[in-house]
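K.L.:
If you're matching them up, the sequences are chains W and L in order. Just so you know, we're using our numbering here: the first sequence kicks off at 1 and counts up by one. Just so you know, we're using our numbering here: the second sequence kicks off at 1 and counts up by one.
There could be a bad hint or two in this list.
[Stated by the list, open to error] Pairwise CB distance ranges (calculated):
1. L/MET100 to W/THR21: 19 to 27 Å
2. L/SER19 to W/PHE355: 58 to 66 Å
3. W/SER143 to L/LEU66: 51 to 59 Å
4. W/LYS91 to L/PRO13: 34 to 42 Å
5. L/SER194 to W/GLU178: 50 to 58 Å
6. L/PHE78 to W/GLU178: 58 to 66 Å
7. L/ILE16 to W/PHE355: 52 to 60 Å
8. W/THR186 to L/VAL273: 32 to 40 Å
9. W/THR186 to L/ALA14: 28 to 36 Å
10. L/LEU137 to W/SER64: 44 to 52 Å
11. L/ASP99 to W/LYS91: 16 to 24 Å
12. W/TRP203 to L/LEU108: 20 to 28 Å
[As the list claims (entries may be wrong)] Lysine-lysine pairs mimicking DSSO-like chemistry, simulated, CA-CA at most 27 Å apart:
13. W/LYS136 to L/LYS102
14. L/LYS125 to L/LYS250
15. W/LYS91 to L/LYS42
16. L/LYS250 to W/LYS91
17. W/LYS91 to W/LYS175
For the record, the hints were derived by calculation from the structure and aren't laboratory data. Even for Gly, the Cβ is constructed at its ideal location relative to N, Cα and C.
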Amino acid sequence: MIVETMTALALEFENVTKLFTADKKVVDKLSFSVREGEFFSILGPSGCGKTTCLRMISGLEKPSTGVIRMNGKVVNDVHPHKRNVHMVFQKYALFPHLNVFDNVAFGLRMKKRPEREIRDRVTRMLKMVSMEDYAKRSIQQLSGGEQQRVALVRSLVNEPAILLLDEPLGALDLKLREQMQQELATIQKQLGTTFIFVTHDQWEALTLSDRIAIMNRGKIEQIGTPAEVYEQPNTAFVSRFVGTTNLFKGKLIAASNGICSIQTEEAGLLHTRLEDGRLPPPEGVAVGLVVRPEKIRIRVTSPSHSPAAASAPANGGVLIEVGSGAAITAAPSVAVAPQPSINVLRGTLLERTYFGATTQVRLKINDQLPPLIALLANQAATKMPALKVGERYYAVWDAADSVLVQDA
Amino acid sequence: MEPTAFTKQQKTPAFIFPSLGWFIFFLIIPLGIVVAFSLMHKGAYGQIEYRLDLGNFARVFEPIYLKTVFRSLLLAAFTAGTCLVLAYPLAYLMARSGDMLKKLILALVIVPFWTNFVIRIYALKLVLGENGLINQLLRELHLIAAPLQLTDNLIGVGIGMIYNYLPFMVLPLFVALDKLDFTLLDAAYDLGASRVQMALKVLLPLSLPGIVTGSIFVFIPAFGEFVIPDLMGGSQSMYVGTLITETFLKSRDWPFGSAMSTLLVLMAMVSFVIVLSRASRDPAAREMRGKRAEAGPVHV
Chain W
1 MIVETMTALA LEFENVTKLF TADKKVVDKL SFSVREGEFF SILGPSGCGK
51 TTCLRMISGL EKPSTGVIRM NGKVVNDVHP HKRNVHMVFQ KYALFPHLNV
101 FDNVAFGLRM KKRPEREIRD RVTRMLKMVS MEDYAKRSIQ QLSGGEQQRV
151 ALVRSLVNEP AILLLDEPLG ALDLKLREQM QQELATIQKQ LGTTFIFVTH
201 DQWEALTLSD RIAIMNRGKI EQIGTPAEVY EQPNTAFVSR FVGTTNLFKG
251 KLIAASNGIC SIQTEEAGLL HTRLEDGRLP PPEGVAVGLV VRPEKIRIRV
301 TSPSHSPAAA SAPANGGVLI EVGSGAAITA APSVAVAPQP SINVLRGTLL
351 ERTYFGATTQ VRLKINDQLP PLIALLANQA ATKMPALKVG ERYYAVWDAA
401 DSVLVQDA
Chain L
1 MEPTAFTKQQ KTPAFIFPSL GWFIFFLIIP LGIVVAFSLM HKGAYGQIEY
51 RLDLGNFARV FEPIYLKTVF RSLLLAAFTA GTCLVLAYPL AYLMARSGDM
101 LKKLILALVI VPFWTNFVIR IYALKLVLGE NGLINQLLRE LHLIAAPLQL
151 TDNLIGVGIG MIYNYLPFMV LPLFVALDKL DFTLLDAAYD LGASRVQMAL
201 KVLLPLSLPG IVTGSIFVFI PAFGEFVIPD LMGGSQSMYV GTLITETFLK
251 SRDWPFGSAM STLLVLMAMV SFVIVLSRAS RDPAAREMRG KRAEAGPVHV
């Protein structure tokens, strides 16, 4: 990320719209760009237009309006075969009548490359994915992961400028998928090929990508690094689609010093800190407040009622803290009135689910709100017997740990 | 492996006895009788004399009969080839169309079987006749002055054969193509294949089992066909099937007829074995072997 501005753009979409029928916009005024060598993911639910995007990049579909550029050149009318873009298909689409070698060699043979060159390039590619001993195997003899590798190098052997991957890991079981994710990332770094990866699997997108575009109903809701889209979602949709989330809807009533106060109907006044440089929306506007489950701490007593206990938890055991170790520093100031730097909600513990590394609890605040979800680290200091289903607890989180989103 | 109740049951599958019995009584034994007759001598009045006579087989190789065999081979090859060319696009269309259209075309392909074969051929003869539907239509449209001679000649035989055998080609092709993963064509296109290359390098090899099955289903019965040439071909053309019927029924030379029949069956069996063994060597065919088994019932 040193000379980011100097990197060339492998792909640009400028106001690209695709209509299937006169009034059905599959892709609506899409603008984004992908840098050379980037691992770029398009994440979205099925039917959001991500596959149509891939097809437009590959040239199988033409945009209705707008411009697609590759390496600075407009490619709207460039034939698919002239684009130097290749695709890895969802279920691999390997040719069952050809062996591994001939599958990988297919593209080069179509281009009538000399047989000697084909042998060298195919062998090199098979070596890269440790499949050189499988050259003569038939496709039916391969496992899912092996087929995946063959499908990958069958495209890569043609040295595409952009490789499109259409949910390529969807057909694999969980363990194999994680292993293939690693491999995919390694190969991408090694070759420096621009990868455009389409998926509906949020975790896959988070772990693999340099940047993610989140699509919904033909539009991009947000583009950013995995951390950005997870920690700072722009919209309620993004917060819901990427990871688990707690969302409160309300009206912005005040904004000062980067702290926004939101009046919600169900949970009263809540606060959030805007990230640096972001301007608050006008007061009175409908907004959402998002807080991730792992940012929430569970307490037996209200931090605002027992200021002394907050600084001295050992003192008579008035306060039992459950959550991360950072919890103690998270309530730094001593205040009697509710302070805008933290949010506190009280509710009944509905359910406790043990995940090994973490425990998830669901807290019923009131009848109007869906249960609040909190994810607590399982540490020695925070042993669970303290938490009982049916008891009432306080949920606490920092204003800086919650995010303001445009209401969906 | 410990034999389970299921595997034990598989060793003596009682349910195959009915069909086995059927095959023995109505196929193996009659075939044995035909082979036996072919080795015997024809008496002066057409009766069978039970003594060995290999002359029947020698006679088959006389030029006049060889010519008939050759003509039949040609007709069978023409029928299979034309049916393949006509059926492939139809089967492809069926495989790629939606559920409703697929079922509709399938029904249209199968519906003719509801009418007796001989009746259908007679009807076809009427339609193609001098005052038949086609000639009348063409005359009404002033496309022709004199009626076209469409029956009682080779054209009639060709139309009749194709009409009758087309479904036997369509169905196995459809079964093969319907199972085909058409994203393979997208993949080929993505890898730079032209439309022709897609057809030759992907579609053709993957539908080969269907092509082989369909060709067998058409070629073998077409080779021995005698009703269609008899009804549609007028008097001039003689094919193996016609020859055998006439030898049995008109010349009453059962031993010679049997010898021809035996050779016909042998030829069919040999070509069948060759084609199948070649097809099974091909990995794509191996993958699709299950499909051939499914394609089986359509020839009933």
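K.L.:
All hints, please: hold or fail.
P.N.:
Verification of the supplied hints:
A hinted range of 19 to 27 Å for the beta carbons of L/MET100 and W/THR21 is consistent with their spacing of about 21 Å. Checked against the hint of 58 to 66 Å, the pair L/SER19 and W/PHE355 passes, with Cβ atoms roughly 59 Å apart. W/SER143 and L/LEU66 have their C-beta atoms about 56 Å apart, which keeps the hinted 51 to 59 Å range intact. For the pair W/LYS91 and L/PRO13, the supplied restraint of 34 to 42 Å holds, since their beta-carbon distance comes to about 37 Å.
A beta carbon spacing of about 39 Å between L/SER194 and W/GLU178 contradicts the range 50 to 58 Å that was offered as a hint. The hinted window of 58 to 66 Å between L/PHE78 and W/GLU178 holds, with their beta carbons roughly 59 Å apart. Under the hint 52 to 60 Å, the C-beta atoms of L/ILE16 and W/PHE355, about 56 Å apart, fit the expected range. Distance hint check for W/THR186 and L/VAL273: the Cβ-Cβ separation is about 51 Å, which falls outside the suggested range of 32 to 40 Å.
At roughly 59 Å, the beta carbons of W/THR186 and L/ALA14 sit outside the given window of 28 to 36 Å. At about 46 Å, the CB distance of L/LEU137 to W/SER64 agrees with the hint of 44 to 52 Å. Between L/ASP99 and W/LYS91 the beta carbon distance is about 21 Å. The supplied range of 16 to 24 Å therefore holds. A hinted range of 20 to 28 Å for the beta carbons of W/TRP203 and L/LEU108 is inconsistent with their spacing of about 50 Å.
For the given pair, W/LYS136 sits about 38 Å from L/LYS102 by alpha-carbon distance, which is inconsistent with the 27 Å threshold. Annotation: proposed proximity of L/LYS125 to L/LYS250 holds, straight-line Cα distance about 25 Å (limit 27 Å). About 67 Å separates the Cα atoms of W/LYS91 and L/LYS42, which puts this hinted pair outside 27 Å; it is violated. A distance of roughly 63 Å separates the Cα atoms of L/LYS250 and W/LYS91; the hinted pair therefore is violated under the 27 Å criterion.
Of the supplied pair hints, the one linking W/LYS91 and W/LYS175 holds, its CA atoms being roughly 18 Å apart against a limit of 27 Å.
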